[in-house]
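**Student:** Line order of the protein sequences matches chains A and B.
Residue numbering for the first sequence is 1 to 222, as defined by the working numbering.
Residue numbering for the second sequence is 1 to 223, as defined by the working numbering.
Treat the hints as calculated values from the structure; they're not laboratory data.
Some hints here could point you the wrong way.
Okay, the calculated beta carbon distance ranges per label pair [to be verified]:
1) A/Q4 - B/K41: 32 to 38 Å
2) B/K123 - A/D90: 40 to 46 Å
3) A/P82 - B/K199: 25 to 31 Å
4) A/D90 - B/T82: 32 to 38 Å
No more than 20 Å apart at the CA atoms, straight line, and that leaves these computed lysine to any residue pairs for SDA-like [to be verified]:
5) A/K132 - B/P50
6) A/K104 - B/K92
7) A/K53 - B/E127
8) B/K105 - A/E103
9) B/K199 - B/P83
10) B/K92 - A/H51
11) B/K47 - A/L133
From the derived model, a few chain B residues whose C-beta atoms are all more than 12 Å from chain A [claimed, not checked]:
12) S13
13) L69
14) A93
15) G174
16) K207
Since the model is a prediction, treat every value here as computed from it, not as a measurement.
Note that the Cβ used here is the ideal one computed from N, Cα and C, for glycine as well.
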Amino acid sequence: MADQVKLFGMWASPYSRRVELALKLKGIPYEYIEEDLSNKSCLLLKYNPVHQKIPVLVHNGKPVAESLVILEYIDETWTNNPVLPQDPYDRAMARFWAKFIDEKILITTRKVSLASGKEQEQAIEEITEQLKLLENELKGKEYFSGHNIGFLDIVANFLVFWFGNVQEVLGIDMFSEEKFPVIFEWIQKLVKIDVVNECRIPKEKHLDYIRTRVEAFKSSTK
Amino acid sequence: MSEEVKVLGNWGSCFSRRVELALKIKGVEYEYIEEDVYGNKSPLLLKYNPVHKKVPVLLHNGKPIAESLVIIEYIEETWKGTPILPEDPYEKAMARFWTKFVDEKCLPALWRAVWSPENEREKAVEEACKCLETLQSALNGKRFFGGDTVGLVDIAANFIGFWLRIIQEATGHGDLLSAEKFPTLFKWTDEFVSCSVVKQSLPPRDKLLAFFKARVAEANASK
Numbered sequence: 001m002a003d004q005v006k007l008f009g010m011w012a013s014p015y016s017r018r019v020e021l022a023l024k025l026k027g028i029p030y031e032y033i034e035e036d037l038s039n040k041s042c043l044l045l046k047y048n049p050v051h052q053k054i055p056v057l058v059h060n061g062k063p064v065a066e067s068l069v070i071l072e073y074i075d076e077t078w079t080n081n082p083v084l085p086q087d088p089y090d091r092a093m094a095r096f097w098a099k100f101i102d103e104k105i106l107i108t109t110r111k112v113s114l115a116s117g118k119e120q121e122q123a124i125e126e127i128t129e130q131l132k133l134l135e136n137e138l139k140g141k142e143y144f145s146g147h148n149i150g151f152l153d154i155v156a157n158f159l160v161f162w163f164g165n166v167q168e169v170l171g172i173d174m175f176s177e178e179k180f181p182v183i184f185e186w187i188q189k190l191v192k193i194d195v196v197n198e199c200r201i202p203k204e205k206h207l208d209y210i211r212t213r214v215e216a217f218k219s220s221t222k
Numbered sequence: 001m002s003e004e005v006k007v008l009g010n011w012g013s014c015f016s017r018r019v020e021l022a023l024k025i026k027g028v029e030y031e032y033i034e035e036d037v038y039g040n041k042s043p044l045l046l047k048y049n050p051v052h053k054k055v056p057v058l059l060h061n062g063k064p065i066a067e068s069l070v071i072i073e074y075i076e077e078t079w080k081g082t083p084i085l086p087e088d089p090y091e092k093a094m095a096r097f098w099t100k101f102v103d104e105k106c107l108p109a110l111w112r113a114v115w116s117p118e119n120e121r122e123k124a125v126e127e128a129c130k131c132l133e134t135l136q137s138a139l140n141g142k143r144f145f146g147g148d149t150v151g152l153v154d155i156a157a158n159f160i161g162f163w164l165r166i167i168q169e170a171t172g173h174g175d176l177l178s179a180e181k182f183p184t185l186f187k188w189t190d191e192f193v194s195c196s197v198v199k200q201s202l203p204p205r206d207k208l209l210a211f212f213k214a215r216v217a218e219a220n221a222s223k
């Protein structure tokens, strides 16, 4: 029986794009289902009743939710082109930094987007420190995972397209080549990779989307 | 070269105790180093976990790993013997999913409910109870989340298994985890603490109760 792989995702979500990137790197054929998050489908609610969020991977009818859990599942199920390193210590480092991205950087990014004034300034300082820590992990390496892109590059993929767009809409200067030369060098390498480009978030559409969301939030808190 | 395993931890921290439990399940000998996390953090801790400056940290032959769940996966992959995770990739994914749910939803909601001011308490308790209800459903008739034996989810939920009932005793509020509200989850907490390897990894009950009674008194005094 042929494998049936479906991905419930959303075009602007960096979490969703991570999973797509992993599937494409492994050459796994999948059916993509775009979710309208303002009107979630019955299937999404059925496959992820706990969080009701994307991404959800459905493999032969069995659902897996939470992007980092999905990435590990993909790596263990399709063992070609391994995404996580072999060595347990290197795996631990990859997982540590993936958690750091999700629990610190991406959370602080949200704070930056929705705060203003002093609060926003503080959040920008926080994120600058966090990005510097992440950048350290790239020093002396071609990619986070070494000579080829891997788990941490996939998780850090939000920096390639998504993050710059958020900054542009907010009109702030927190992420630049001057501040993060090593990360920017890494981005230049990534955009030359075909599968990374296939997961590119369409820029203008994304800028509009972010603008709408930020405005909606600001008007709802007045 | 013989293996050198050290744990930088704190006696009362459920996160620290998670790592000790995983090591005991695997029968790995380790040196335990107590960290005063409320007072002065030692140079050792700051050196081995510069990013978060927190316990627990595992040191294996001098190489540090931080974040309890990352540490447990490392322990699972490094030492064979009693498995902490299922072998099947789908079952493993489910264990990781529920572990994340405990860590990212249940624990923060429970903590908020425990310490919330009176006027916000009802809402906080409601939210925390929703998490407990969802978590209970993951037990699905099994003795442990891991099946017949303690696994990753059980280890991650150690706060619920042991700490929570003690905190409820300290605060005098029993409206989070009770046998009436969550019969199967409550039963699981009994199974969890009676497990011999778990017992060895838990802090002394009286000491923990006294610790939380003191925190409650402090919180009340500052009102």
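**Student:** State for each hint whether it applies.
**Tutor:** Now for the hints, and whether the structure bears them out:
1. A/Q4 - B/K41: 32 to 38 Å: Since A/Q4 and B/K41 have Cβ atoms about 51 Å apart, the given range 32 to 38 Å is violated.
2. B/K123 - A/D90: 40 to 46 Å: For A/D90 against B/K123, whose Cβ atoms are near 44 Å apart, the range 40 to 46 Å holds.
3. A/P82 - B/K199: 25 to 31 Å: About 39 Å separates the Cβ atoms of A/P82 and B/K199, which means 25 to 31 Å is violated.
4. A/D90 - B/T82: 32 to 38 Å: violated, 24 Å
5. A/K132 - B/P50: Holds. A/K132 to B/P50 sits at ~13 Å (cutoff 20 Å).
6. A/K104 - B/K92: violated, 25 Å
7. A/K53 - B/E127: Roughly 18 Å between the alpha carbons, so the hint for A/K53 and B/E127 holds.
8. B/K105 - A/E103: holds, 13 Å
9. B/K199 - B/P83: holds, 18 Å
10. B/K92 - A/H51: holds, 19 Å
11. B/K47 - A/L133: holds, 15 Å
12. S13: Non-interface label stands for B/S13: nearest chain A Cβ at 18 Å, farther than 12 Å.
13. L69: Given a closest Cβ separation of 8 Å, the condition is violated.
14. A93: Non-interface label on B/A93 violated, nearest chain A Cβ at 4 Å vs cutoff 12 Å.
15. G174: holds, 26 Å
16. K207: Non-interface label stands for B/K207: nearest chain A Cβ at 30 Å, farther than 12 Å.
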